[in-house]
Amino acid sequence: MSERPNVRIVALLCRWCSYAGADLAGVSRMKYAANVLPIKVPCSARVDPQLVLKAFSEGADGVLLAGCHPGDCHYLKGNYKALRRFQLLKKFTSQMGIEDDRLRLEWISASEGSRYADVVNDMTTKVAKLGRLNWRREIAIEA
Amino acid sequence: MKRLVINPATRLEGHAKIAIIMDDKGEVQDALFQTVEFKGFESFCIGRNAEELPVITSRICGVCPWAHHMASVKATDALFSAPPPPTAQKVRELAYDAFMVHDHTAVFYALAAPDLLLDPDTPRAQRNILELVKRIGRDTGAKVLALRKAAADILTITGGRATHPIFGCPGGITRGLSQEDISAIRDRSRQLVELAELTNKVFQDGVASKKEFIDLFNTDAFVNRSYYASLVGKDGRISFLDGDVRVVKPDGSTYEEFKPASYMDHFEEASLPWTYMKFPYLKNVGWKGLQEGEDSGLYRVGPLARFNVAKGFTTPRAQEKFELFRETLGSPAHQTLAYQWARVIEILYAAERITELVDDPELGGKEIRSQLGKIGEGVGVVEAPRGLLVHHYRADERGVVTFVNLIVPSTHNNSGICLSVKKAAKHLIRGTEIPEPVFNRVEMLYRAYDPCLACGTHSLPGAMPLKFELYDSAGRLLGSESRGL
Amino acid sequence: MKPERTKPKLAIALGATCSGCDYSLLDLGAGLLDVTDQVEIVYWPTGIDSKLEDLQAVPDRGVDLILFDGAVVNEDNLEMARLCRKKAKMLAAFGSCGAYGGIPGLINSGSPKKILLEVYQGLPTRSDKAEALNFEGEDALPKMLGQAYSLDQVVDVDVYLPGCPPPLKLVAGLLTDVLAGKAIPKGTFYASNRAVCYECKRVKENKSIDAIHRYHEIQPDPTRCLLEQGIVCLGPATRGGCDAVCCTQNQPCRGCMGALPHSEDSGAEMMSALASIMELNNENKEADYTGIFDGLNDPLGTFYTFTLPKSILGRRKVDQS
Amino acid sequence: MKIGVYICHCGTNIAGVVDVAKVVEFAATLPNVAVARDYKYMCSEPGQNLIGEDIRHLGLDGVVVAACSPTMHEPTFQTALSRAGANPYMLQMASIREHVSWVTSDPVEATEKAKKLVEAAISRVSLQEPLEKRRIPVKQSVLVVGGGIAGIEAALKCADAGKKVYLVEKEPSIGGHMAMFDKTFPTLDCSQCILTPKMVEVVRNENIELLDYSEVREISVHVGDFKVSIVRKPRYVDSSKCTGCAVCSTKCPGKAPDEFNLGMSKRKAIYVPFPQAVPLKAVIDRESCLYFQKNICKVCVKFCSADAIDFEQKPEELELGVGAVILATGFKPFDARRVSEYGYGKLPNVITSLEFERMTSASGPTAGKIVLKDGREPESVAIVHCVGSRNVNYNVYCSKICCMQSLKHAHLLKEHLPGVAVYDFFIDMRAAGKGYEEFYKRVMGEGTIMVRGRPAYITDVPSKPEEKGKLVLVAEDTVLSTVMRYPVDMVVLSVGLEAGEDAKELAHTFTCSRTADGFFLERHPKLAPVSTPTAGVFIAGASQGPKDIPESVAQAGAAAAEALAMMGKGYFELEPYVARIDEDLCSGCGICLDLCAYNALERIPETGLTRVVEALCQGCGACVAACPSNALDLDGFKNNQIMAELEGILA
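Residue numbers (my numbering), protein chains in the order written: chain A, 1 to 143; chain B, 1001 to 1485; chain C, 2001 to 2321; chain D, 3001 to 3651.
So that you can see chain A by itself, here it is in the shape it has in the complex:
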């Protein structure tokens, strides 16, 4: 990326597929935006919507959820739950004024290193276009 956007994207990666996919991107020396900050979770189903909301309220400009492709979940059916939670959560976050591109769910398998790199770059570009979210839960009141 020529100009470096200062946005921060938290990536919640399932341990078996997406985190391994990210590893592969590394092993294959694929260059992608440094804006992504990975956190390893056992399964996309472990991700509590509160974690996503917390990420936004703590200063993330985008949140990426990634898990195994449907049917490939290491825990059989975890990613289906992740998908359903994502759809409901998304409905809520858009009501709260958080733009669509800031919250994203992707299926990234252990063999899809390049896909991980592409998703990160694409999301970084889109979020950068939206700029910093700098969420304010409370408008500060002077003491």
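By construction, these hints were calculated from the structure, which means they are not laboratory data.
This one's a predicted model, so the numbers in the text were calculated from it and none came from an experiment.
Glycine is no exception: its CB is placed at the ideal position from the N, C-alpha and C atoms.
Accuracy of the hints is not assured; some may be wrong.
Quick list of simulated restraints, FRET-style, between CB atoms [claimed, not checked]:
1) Glu1377/B - Ile141/A: 37 to 47 Å
2) Glu3614/D - Asp2294/C: 37 to 47 Å
3) Lys2201/C - Ala3528/D: 45 to 55 Å
4) Val3108/D - Gly131/A: 18 to 28 Å
5) Asp1187/B - Asn2284/C: 53 to 63 Å
6) Glu3614/D - Gly1373/B: 53 to 63 Å
7) Pro3031/D - Ser111/A: 33 to 43 Å
Okay, derived cross-link-like pairs now, BS3-like style, lysine-lysine, Cα gap no bigger than 27 Å in a straight line [said to hold, decoys possible]:
8) Lys2009/C - Lys2186/C
9) Lys3266/D - Lys3302/D
10) Lys2317/C - Lys129/A
11) Lys2285/C - Lys90/A
12) Lys3198/D - Lys3183/D
13) Lys3116/D - Lys129/A
14) Lys3266/D - Lys3251/D
15) Lys3298/D - Lys3233/D
16) Lys2285/C - Lys3526/D
17) Lys1311/B - Lys1090/B
18) Lys2317/C - Lys90/A
19) Lys1143/B - Lys1201/B
20) Lys2285/C - Lys91/A
21) Lys3569/D - Lys3526/D
22) Lys2089/C - Lys2007/C
23) Lys2201/C - Lys1366/B
24) Lys2285/C - Lys3504/D
25) Lys3638/D - Lys2186/C
26) Lys3139/D - Lys3170/D
27) Lys31/A - Lys3116/D
28) Lys2169/C - Lys1143/B
29) Lys1259/B - Lys1374/B
30) Lys3369/D - Lys3470/D
31) Lys2317/C - Lys126/A
32) Lys3251/D - Lys3233/D
33) Lys90/A - Lys3638/D
34) Lys3266/D - Lys3183/D
35) Lys3266/D - Lys3255/D
36) Lys31/A - Lys3040/D
37) Lys126/A - Lys3116/D
38) Lys31/A - Lys3022/D
39) Lys2204/C - Lys1366/B
40) Lys3198/D - Lys3233/D
Since the structure of chain A is already known, use the hints to place chains B, C and D on it.
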């Protein structure tokens, strides 16, 4: 000229203020009753599911939650084209009557009674329900509170709890009454009649039978010849939940009668820069400012309005009292202080009505919901204890609210209150001094309206602290005086 | 009777509230008198004609317990909250508004400016649409703070008494503890640490649902769990203490008792729970679940009716403009 | 809390891009950090010792290693911690190679990102808790479900290793489909001859308890100790007395179609399934028994010298406890009726491959003669491959054995009826296997006519005189690409293999899943082909997918080996990541109960609250995220730990 410093702390409770504007000659030019509360329900209800509005809007006011709940439920009945089945209607009416007792008694004993029954020399600090209880004797006090609890019980049986009911839904109610419920209600209904009789006796002996009070009622400064608006049942008698809106002229003759749904063609609101309150007036007569008489669109709602609009009650004992009321004060009764008396009589009606309903076979029916129909628009109008209450919603095809308009009784009465205050002030104030009697009198006046501005202000209706401000015609503050702050 | 030890001082103050919390105290009936006998009420505008001076006159931390009823939406509320904090030995967030922002907190779903415009210009019965927009400027009127806050978002709070209104038995519980001079740990909730379901009498069988219904659309089986019948009930994510009164009335819990211990956001908890069991029997490669939540028109209003200001996001995005 | 932070250069892999010194310097400033070092290769012996030394001398209770991905070296450093006396789970790795230095070009950005990951790891590790791998003792006994060749093989292997084995077979005799075959390809040795000894060995081996004519009713899946309840159906013959003499059978008046011969012959109401049956005991079929139907007869009682007949027998229920389960429930042949255009069931001389097997078997209905329904010997026979297989309308998969089976049949035809004309219709000839291709050549050498094409339909309506009284196969010969009509006397449909009827229930009972085609799903197609997602449950034979005898036997051995290895170790070792529930917070709402893929959550009957069955929990955390009252949390991935990592990463 005496200049009073305004203690900033007074603003803390400044939910209601009275501003009096003098002309250059030191004559009262205008008196403005000002509230500063603002919540914005009309706005944040938009986007919600329509069926949630009975839950949300009941929170407009913790003093009259049932009124808002019921108006909202009726509005959603209409919005979902789902007229409630007879059983639901009857349970609704029964609960609502219990609520009327619950609310009216609180108002009477907590506000009116201290003014009317305690010795005039009672220090203000002790002019409250707890003190009153001490005066009328702890036993009697406890009795009143216990009897009143019967009303709370009925509300709990029907709506889960007395404050913020879990009760109605579009097209009916969500829980029917079991035989146990009904017999529990029957027991309590007797206590309510007892409470009502007791209260009427207290009023009769303490006030209605006392000449000095009747004279006070009749003092010209406390009489406002205005229009009146309220619901009337098919038989032209007082009805809290159903019927059309009738407006009578100051002379008592009917000015217009219309379906609640068409309220917009008849009411309009002005808003003035110094208050969050709105000023409704009769659209077809027009806004002439705070003026009484037939040319001014100013109208009043509430117990007194109901008494002036309708031709009485359907229950015998209440009807008796009604006739006595008219005998004593004439018809229409423009005496603002008469609000209190009307209120006390309505307690009796509500209690009597419950004893009728509780024996109605349909009350325990199983059919408590009706089929939902086309989704669109709905207006729900009820007689809140303090008068006409309008909820008006529109929703999209999913039943998501796109528009909300609310007119609460104290808003309807806003102009009335201001008028009363102005007239009293004109009568009492000379120069920039605010003489002592003003407080008691003016306070008694607006307490008569029992303005519940929680829907406005957060005081037990009427017990709100008062603050006077004097302005000159240029709007410069001449002085101010606080009371109860 | 001989002069007993000085009674504990009690005050009840108000912010942005419907005052249902303290008004409902009158429903203690005769019980109210027992309480008032044992405490000295220094200030309670709803119940007695008390002067604010009375409260101000009390030395700092001179009131044993102040119940603050209401959210904080304007400068008046804020100053009152701060005054109470100053005067109270123990400050209680009284009711859902004080504890979580409550219904007035729904104002956080939009921008206050917009709301002023809507209420004062947008409505049909308004004749003079142009006027009355200089409220914020008018110093006679308290300034809106731009959003609603829970009490503990503006001052330090000692105990919480949630509920809309708080169940009387919980209020009684707090008063009893205070009268008994019991040490009450900071942050104590006078409510259950378990969810409403624990108190709900409805039968729970199988938590997997295929369709969402709105409570007015179907007549649910009065004996079975509402959620299992597809009605979105916040019971599982909401503090108990209310005896599941709403469920008993065949209506879903709307969460007025707020989030459970260790949880910041009952709305998110419930969204997660609901999405987890939705279409649980349809988990396979082909299922893409598009539109399964179309029936849920209003997540914000559904999951945050009483708790928006206290939730993790707290309010709608503040427009940078 | 004392934390040690170790930044690895990984030669130039990391240090080439990330300014390691800066990261160390930064880390040292963070709370709880007692020491921050960097080293060329942290994973090297000296690198690990560096950590060990600090743990011992500085008394570190948490370690952060910023190096390669944890998938690479987490075990290495965990061991390093244990060796130094620290708990291995007090380690948190920051992947600054795969996730930073290898993917970021700009050194400044890389260094910044590395710092964030390190800070996240530090704030996370300070909330981590010591954890122990879970050890669950394993019962020293095996349940084998299914008495076909795979089940028999697995049972024998485990028994030979000295483990107690329960072999459950739902039929009156073990042997499965293999017992019905005549010859086996490609070696053509007699199926019975090689199978019988193994069957006999089953009853002889005292480690094996044969539960014939029995079915698994239910099982409570607790890793290491499965509680199994089995129903034994009544034979109405006392096995302990019956000698298998079959006199009863000869005298019995009741008749019914013989299942073993696929209904091509009749058997008696009391019967021994087949001569080599194991156990060699009679069984009474209520439906055809005059005593049970009409309450008359009792001839068998009269003639049984052992007086073994017992009409009063009731089903009996057994409770077992086993450490491992091997599912070898086999397959079900494709029902040829479904391919209506081939007329099976309507056209008398269209038969299935399995019927043909019985026909050619000396002990079969025709005593080994290949004859038409009218008793004549066929002059021409057509064999059709892929019936029910490789066809979107039925099964898309290849049944694998049909090609060889068909070739075997072609050969047997030539052997039994020299001069018979044999047409073999195939799509592709799949003869991949030891000696298979050679067998194919041999059969072609025997003069079988190979037609590359799938018959469109089979009819007995002649279109020319020479087709009179014949079955006509209409097929496109895709080699000549012309549609031709082949008149023959007999058609053998080589039916494919399908998952057994009971596969669905079995999968449910044993909480293992199935692939789309209904066969049992292995835990990993390559690396765990006989394991299932449920630890301790293994699969073998055709229940996992179509396969021939040698494969089934090999797989049975593999399954046995897995089970034995597990029992040999004596315990399971499971990751310490388990869900835990705080019963003081649980409201019993039940949200979690049905969403666990492993049934690891159950309602406590007395309290109505939820309990976690540790042994079943796989640690995915689905329930933790779903639990609306935060009563559930996941060891190793606790809410506060992940939150801490989040706050660290965004700090």
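Going through the hints against the structure:
Take glutamate 1377/B and isoleucine 141/A: their Cβ atoms lie about 40 Å apart, and the range 37 to 47 Å holds. Between glutamate 3614/D and aspartate 2294/C the beta carbon distance is about 39 Å. The supplied range of 37 to 47 Å therefore holds. In this structure, lysine 2201/C and alanine 3528/D meet the distance hint of 45 to 55 Å, their C-beta atoms being roughly 47 Å apart. One distance hint, 18 to 28 Å for the beta-carbon pair valine 3108/D and glycine 131/A, holds here, with the actual separation near 21 Å.
Restraint check, aspartate 1187/B to asparagine 2284/C: a C-beta distance of roughly 58 Å satisfies the suggested window 53 to 63 Å. For glutamate 3614/D paired with glycine 1373/B, a C-beta distance near 54 Å keeps the hint of 53 to 63 Å intact. Range check, proline 3031/D to serine 111/A: Cβ separation about 39 Å, and the 33 to 43 Å hint holds. With a C-alpha separation of about 19 Å, the suggested pair lysine 2009/C and lysine 2186/C falls inside the 27 Å cut-off, and the hint holds.
For the given pair, lysine 3266/D sits about 23 Å from lysine 3302/D by alpha-carbon distance, which is consistent with the 27 Å threshold. Of the pairs offered as hints, the one joining lysine 2317/C and lysine 129/A holds, with about 17 Å between alpha carbons and a cut-off of 27 Å not exceeded. Restraint check for lysine 2285/C and lysine 90/A: the C-alpha separation of about 21 Å stays at or below 27 Å, so the hint holds. Under the criterion of a C-alpha separation no larger than 27 Å, the hint pairing lysine 3198/D with lysine 3183/D is consistent with the structure, at around 17 Å.
For a cut-off of 27 Å, the pair hint linking lysine 3116/D to lysine 129/A stands: about 23 Å separates their Cα positions. Using a Cα cut-off of 27 Å, the hinted pair lysine 3266/D and lysine 3251/D holds, with the two alpha carbons roughly 14 Å apart. Of the pairs offered as hints, the one joining lysine 3298/D and lysine 3233/D holds, with about 20 Å between alpha carbons and a cut-off of 27 Å not exceeded. With a C-alpha separation of about 21 Å, the suggested pair lysine 2285/C and lysine 3526/D falls inside the 27 Å cut-off, and the hint holds.
Between the alpha carbons of lysine 1311/B and lysine 1090/B the distance comes to roughly 23 Å, so the proposed pair stays at or under 27 Å and holds. Between lysine 2317/C and lysine 90/A the CA atoms are separated by roughly 14 Å; this keeps the pair inside 27 Å, and the hint holds. A distance of roughly 15 Å separates the Cα atoms of lysine 1143/B and lysine 1201/B; the hinted pair therefore holds under the 27 Å criterion. Using a Cα cut-off of 27 Å, the hinted pair lysine 2285/C and lysine 91/A holds, with the two alpha carbons roughly 23 Å apart.
Note on lysine 3569/D and lysine 3526/D: the hinted pairing holds, with a Cα-Cα distance of about 23 Å set against a maximum of 27 Å. With a CA separation close to 14 Å, the supplied pair lysine 2089/C and lysine 2007/C stays within the 27 Å bound. Restraint check for lysine 2201/C and lysine 1366/B: satisfied, since their Cα atoms lie roughly 21 Å apart, inside the 27 Å limit. A distance of roughly 19 Å separates the Cα atoms of lysine 2285/C and lysine 3504/D; the hinted pair therefore holds under the 27 Å criterion.
In summary, the hint linking lysine 3638/D to lysine 2186/C is supported, as the alpha carbons are separated by about 25 Å, within the 27 Å threshold. Distance restraint check for lysine 3139/D and lysine 3170/D: the Cα-Cα separation of roughly 24 Å lies within the 27 Å cut-off, and the hinted pair is therefore satisfied. Between lysine 31/A and lysine 3116/D, the direct Cα distance comes to roughly 18 Å. Compliance with the 27 Å bound is thereby established for this hinted pair. For the suggested pair lysine 2169/C and lysine 1143/B, the alpha carbons sit about 21 Å apart, so the restraint of at most 27 Å is met.
Proximity of lysine 1259/B to lysine 1374/B is assessed by CA-CA distance (about 20 Å); at most 27 Å being required, the pair is judged to hold. Distance restraint check for lysine 3369/D and lysine 3470/D: the Cα-Cα separation of roughly 20 Å lies within the 27 Å cut-off, and the hinted pair is therefore satisfied. Restraint check: the Cα-Cα separation between lysine 2317/C and lysine 126/A comes to about 18 Å, which is no more than 27 Å; the hinted pair holds. Distance restraint check for lysine 3251/D and lysine 3233/D: the Cα-Cα separation of roughly 24 Å lies within the 27 Å cut-off, and the hinted pair is therefore satisfied.
Of the pairs offered as hints, the one joining lysine 90/A and lysine 3638/D holds, with about 24 Å between alpha carbons and a cut-off of 27 Å not exceeded. Between lysine 3266/D and lysine 3183/D, the direct Cα distance comes to roughly 23 Å. Compliance with the 27 Å bound is thereby established for this hinted pair. Of the pairs offered as hints, the one joining lysine 3266/D and lysine 3255/D holds, with about 6 Å between alpha carbons and a cut-off of 27 Å not exceeded. Distance check on the hinted pair: lysine 31/A and lysine 3040/D sit about 24 Å apart at the alpha-carbon level, within 27 Å; holds.
Of the pairs offered as hints, the one joining lysine 126/A and lysine 3116/D holds, with about 22 Å between alpha carbons and a cut-off of 27 Å not exceeded. Proximity of lysine 31/A to lysine 3022/D is assessed by CA-CA distance (about 22 Å); at most 27 Å being required, the pair is judged to hold. For the hint linking lysine 2204/C to lysine 1366/B, the alpha-carbon distance of about 24 Å falls within 27 Å, and the restraint holds. Proposed proximity of lysine 3198/D and lysine 3233/D is supported: the alpha carbons are some 24 Å apart, at most 27 Å.
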